[in-house]
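K.L.:
In the numbering used here, the protein residues as written are 1 to 414.
One should not assume that every hint holds.
What the hints assert, rightly or not - Beta-carbon label-pair distances, calculated as ranges:
#1 D193 - L339: 19 to 27 Å
#2 P108 - S255: 42 to 50 Å
#3 R304 - S385: 51 to 59 Å
#4 A318 - K398: 18 to 26 Å
#5 T178 - R97: 22 to 30 Å
#6 N340 - S139: 51 to 59 Å
#7 N196 - R97: 44 to 52 Å
#8 G362 - T60: 36 to 44 Å
#9 S255 - G315: 26 to 34 Å
It is worth saying that the hints were derived from the structure and are not from the lab. Here a beta-carbon is modelled for each residue, glycine too, at the ideal position from N, C-alpha and C.
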Amino acid sequence: MDTVLFLESSPNGSVGATGIHMNSTNFGMFKTPLGVQVIENARKLYDSATTKQKVTSEGTFDGTINPNELVYLLASLRGKVTPVVPTHIGLFVLNLRGGTGNFQLTLPGFSNTANIAHTADQNAIEDAMIAAFGRGCASVIQEDTGVFQIRLQAEYALGGVLGVTGIAGATCQGINPTGTGMYRYTFDLGSVDMANLLTFRAFQGPFDIALASKRFSRTHVSSLGFEISVDQAVINNGAILSLPQELDQTILSSSITDISLINANPEQWNFYYGSEKSGALGPAMMCNGFSCGFSFDGLISPYRVVGCNTNSMKGVIATKPSTNFSLNVAQDSDSDAILNVVESGASMYSVLEWLGPEIAPGVPYRIVCMLPHIIEDYDPGEEQSLATYSMTGRIAVKNTLTPKIVIDCPIPAF
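Turn these sequences into a full structure, and let the hints guide you.
P.N.:
In structure tokens form, the structure reads like this:
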């Protein structure tokens with residue numbers, strides 16, 4: 001079933017002139033309970049009256065993860081944010097031409113790498129970075145003699161500015177995405193910005209003006225989850241809250257924009273895992289992870305009041321969400337270290353990163369999910385004939401560390 005979402009200028013405000021047609025997100029049929037209760041009459045053979053209750057529409061959604069659609073869903077779940085164009089995207093060109101002797105690479109929050117010979121190849125440079133900054137921190141490609149492309153990965157790419165020292169004239173130049181059409185959205189899910197919640201008028205097709213229903217639901221996203229595994233990368237546990245359906249005879253004459261179909265395929269994801277969060281940046285890459293999932297359920301809830309001139313859903317309020325976190329990993333030295341930390345009572349910190357196709361040359365789509373969490377239980381199991389630990393817990397705010405989702409995409413401010 002086709003769904004078009006018409007963005008409103010403010011929560012439950014006037015509607016904009018353009019609708020967006022979701023291609024990756026599948027919305028279930030919106031349903032408005034009738035809210036009719038039959039009043040029984042004990043003195044007559046048949047029931048003779050009904051009463052109307054105040055009701056709220058509900059619906060669900062799922063689908064593949066599309067960064068271009070995810071920014072709208074998260075803006076409705078948590079509140080709109082202003083995108084920025086960062087000064088760099090974690091991609092650097094290291095130029096050692098003309099230098100002699102040894103050099104070191106620098107990254108804020110970490111000690112410098114050990115000395116690296118100016119004649120080192122890409123593998124030696126990458127190994128030195130892993131030893132200093134953490135497993136999976138970067139990939140290195142040699143472009144020419146003495147010239148290397150270094151791409152920082154995961155949370156390193158969001159905050160780290162790579163530098164070089166020790167060789168006169170050596171440079172490490174970051175790629176600036178200004179003018180490429182890329183925007184960065186950072187959604188902090190530790191709170192809800194009620195004043196800036198994005199609401200939609202949601203219509204369900206077919207969207208032929210002559211055939212389409214003119215009924216719409218004024219909609220909020222209330223729950224959202226991810227599931228990433230070897231076989232799939234999907235949105236699940238998606239839920240919406242709506243006012244009862246209304247009629248609008250003119251809105252479908254507005255223009256409708258198709259959202260570009262960019263799916264975050266499972267082979268393009270990496271897991272990073274560590275105990276809490278140390279230093280300026282994230283933990284090390286998980287080498288033998290099979291799946292990871294998380295969800296935020298019930299960030300907002302409707303409330304209703306008595307009053308004949310009041311909408312069935314007076315409004316929504318921020319509520320304490322129910323959160324979930326799951327991880328399925330091979331039984332190895334990494335997962336044994338995780339269990340040691342969990343058994344000590346400490347919280348954990350995960351980063352999920354997707355690096356997609358290029359928005360512009362050298363400027364990729366990116367999704368980074370930064371997730372402080374607590375592991376509450378685990379079960380031994382088996383995956384692809386390997387022994388595993390299946391861990392479950394919840395997202396948790398730790399001191400000033402809150403769950404965040406960062407998206408690099410070509411969607412401008414809305």
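K.L.:
Hint by hint, note whether the structure agrees.
P.N.:
Structure-based check of all given hints:
no. : hint                    : verdict
1   : D193 - L339: 19 to 27 Å : violated (37 Å)
2   : P108 - S255: 42 to 50 Å : holds (45 Å)
3   : R304 - S385: 51 to 59 Å : holds (54 Å)
4   : A318 - K398: 18 to 26 Å : holds (20 Å)
5   : T178 - R97: 22 to 30 Å  : holds (26 Å)
6   : N340 - S139: 51 to 59 Å : violated (29 Å)
7   : N196 - R97: 44 to 52 Å  : holds (49 Å)
8   : G362 - T60: 36 to 44 Å  : holds (38 Å)
9   : S255 - G315: 26 to 34 Å : holds (30 Å)
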